[in-house]
Amino acid sequence: MKKIPLICILSSCLFLPSIDSVSAAEFGLFGDVIYSQSDAAEENGAFGLGALDFYAAARLNDNTEVFIEYVFEETQDGLITDLERLWIKRFFSDRFELGAGRFHTPLGTWNRTYHHGAFLQDTVSRPFFLEFEDGASAVLPTHIVGLLSSGTFILDKGEFSYEAYIANGSSLDSSKAKPEIEINTNADPNQDKTLGFRLTYGFDELPLQLGLMFMDNAIAESAEGNSGNWGIAFGETLIEQQITGFDIKSETENFYFLLEYYNLNNDSKVGNIEKHTGYAYYAQLGYKINPTNRLIYRYADLSVDDNDDYFLILNIKNQTRNVIAYRYDLDDSNSLKFELNHSTPDNGSDITTGTLQWSFLVP
Amino acid sequence: MFKPLYIFLLATSLLCTSYSVLAKSEIVIIANKSSVLNKLNRQQAKKLWLGKIHKLPGTGKIKVIDQPNNSTIKEEFYQKLANMNLDRLKVYWAKIIFSGKDLPPKTLRNDQKIIEFIKKNIKYIGYIHSDSLNSDVKVLMRIR
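As given, the protein sequences belong to chains Y and W, one line each in that order.
Residue numbers for the first sequence follow the working numbering, beginning at 1 and rising by one.
Residue numbers for the second sequence follow the working numbering, beginning at 1001 and rising by one.
Please note: incorrect hints may appear among the correct ones.
Unchecked claim - Here are the simulated distance ranges between beta carbons:
(1) Y:GLY135 with W:ASN1121: 43 to 53 Å
(2) Y:LYS275 with W:ASN1069: 55 to 65 Å
(3) Y:GLU253 with W:LYS1055: 16 to 26 Å
(4) W:GLY1058 with Y:PHE92: 52 to 62 Å
(5) Y:ILE289 with W:THR1059: 50 to 60 Å
(6) W:LYS1047 with Y:LYS275: 41 to 51 Å
(7) W:LYS1101 with Y:THR352: 32 to 42 Å
(8) Y:VAL33 with W:ASN1038: 45 to 55 Å
(9) W:LYS1033 with Y:LEU199: 36 to 46 Å
(10) Y:PHE27 with W:ASP1136: 53 to 63 Å
(11) W:SER1099 with Y:ASN263: 18 to 28 Å
(12) Y:PHE92 with W:ILE1053: 16 to 26 Å
(13) Y:ALA136 with W:GLU1116: 15 to 25 Å
(14) Y:ASP346 with W:GLU1075: 56 to 66 Å
Note that these hints are calculated values from the structure, not bench results.
Nothing here was measured: the structure is a model prediction, and the numbers come from that model.
From the three backbone atoms N, C-alpha and C, an ideal C-beta is built for every residue, glycine too.
So that you can see chain W by itself, here it is in the shape it has in the complex:
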C-alpha cells in the first residue's frame, strides 16, 4: 500500500538533493550587472577564490561566493581552476583559518540563491551552471 508513496518520495528526494549532478554544459563566473568588472582570466579567478587577492586593477574589494561543500559544481570548479580536489581545498583553507587571516568564502545553497545575492550585492562574484544564467547578472568568464 505504501510502496508507490515510497517510490514517489524517494524520487522527489533524489531530485531535490542531487539535481546539481544533472548534466550542465559549463560553469560561468558571474557578477552584478553594475560591477566595474567585465571579465576575469583563469589566474585572477584562481587567486580570488583561494583568498590570495581581494582586488583587481581598477576595482575595490571583491568578495567571492562559493557553492556548497561536496557539490559537484564546486568539485569541478576547483579542479578546473586550481587543480585541487575538495580534500586538498579543505587543508588549504584550514591553514588560512588557523592563521586568523581569513575564512573560506561565504557559501550559498544553489545557483538561484547566488544569482539573487549577486543581484543585490555589487561587490560579490560567484560561479554557477551556465544553464541557470539569466539577465540579472553578467558573465565574467566561462570555465570549460
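Isolated chain Y, as found in the complex:
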C-alpha cells in the first residue's frame, strides 16, 4: 500500500524534469442541436441533431503538422461517419509549405475559414451554393484530396499568400435522380486531375483582404457500365468545368463584410454539347452589437443556364436567398443562433425556414 504514493512522488521527481518540449496533440469537438420549422407544404417543425465533429491536431516536429477531422451525423438512413479532413503538412519555408491529404478546397473565405463545426460561423447555414457536397444545393466541390502547397510573402504594406493544388477529379453518377458531387477520396475515375489556386492579399493598414481563385475540373461519369443518363462509360468526361472567382473580406471593430463571387463555366461533353456560363455569389454583413451579440444579413444568388447539364444532373435551379440571423454567445464555448432563411427559386414557391440552433465547442 505504501509503495504507491512513494512511486508517485518518485516519478514526479524523476519524470517531469526530463521533458523539455511539452507540445502535445490538441483534441476537441463541435456539436449542435437545432429546432427548425418551414412553411413548405407537408413539413413539420422538428428538433434535430447537427453533426458531431471530432478533431485532432499535432505538431510532430518543428516542421511537420498533422490534422484529422471526423464527423458523425445521424440521418434518416442511419449513422453516417465522414473523414472530412486529414492532412500532413511540412514547412520548408515561410514561402513554401506542402501538404498531402483531404482539405477544404481553397475557393474563397468561407470554405477556408468555416468548416463543419457550426459554432464557428455566425449563421446557422452556409451560403447555399457552398453547402458541402451532400447538401441539397451543393454546387461546388468543397473538398479536395491531393497535394496542397501554400506560402506567404511578407511585403512592405501587407501579406501576399498563395494556395495551389492538384487533386483527384470529381465525378457525378448521372443515373441518380439527385447525385452528390463525388470528390473521390481513394480513387479517381480517370486520369484528369483537378488543378487550382487561390491568391490573397491582406493590407497592413486597412481591415481588408482580397482574394482571387481558379479551378479547372474535369467531371467524370461515375455510373457503373453505361447505366448513366448519357450512356457513356464510367470515367468518361461529362463536363469540363472552370471556376474563376474573387472574394473580399473586411472587418472592423463593429462590422464585418464578406463577399464571394464565382463565375462557372461548364463545357458539356454530353447532352447539350456546348459551353454554358453562370454565376454564384453571396454578400454577408455582420454587426457586432457588443462582444456577445451579433446581427447578420446575407444575400446569395445562383444564376445559371437552364440547359447547363451540370446543373441539370445536380437538379439545382436558379434561386436567391435572404438570410437574417442573430447570434448570442452564452459564453466562449457555446452560442444560440436564430436564423430566418427565405428562399426564392426561379420556378417554384418561396420557402421561409426558421431555425434555432444551440452550438458548442469542447476544446
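Dock chain W against chain Y, hints included.
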C-alpha cells in the same frame, strides 16, 4: 521508519513541480541577442502570442514560445497581456486549430529551456520570470 523519507520526497516533489509559483517580481519578454527586434509594445506582444500577426515592421517572421499549460506564469502572462484566462485561451486556440490555419505556440518546460532555445534560434521570442534572466538573451518588454 519511512516517515522522514516521505517528508523529504514530498518536499522535493513540491519543489520540483511548483517552483514556478514562488514569488517572481515580473514577467519579461526576451529575444535572441542578435535579433533585429529591440522592443515590443503590449499590443504587438498580444497579437504575436494570439497568432494574429507573425511579423512586425522591419522584421521577418517571428515565432513565439509559450510556457506550459496551467503554469502560473502562463496564466499571469495572458491575463495581463490579453485579459484572457487559460480556459478562454483554450477555446480561442481551438477555433484557430480547427480552421487549419495555425497551431498554438511551441511550449517549453521552463524559463531555462526557453532561454537556451532562444539563444540558438534567432526567430523566436519567449517570456520568462525576470529572476531567470541572464546575459544570453535581451529583454524586449517588461510586463508588470
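Subject >> Which numbered hints fail >> reply: 4, 5, 10, 13
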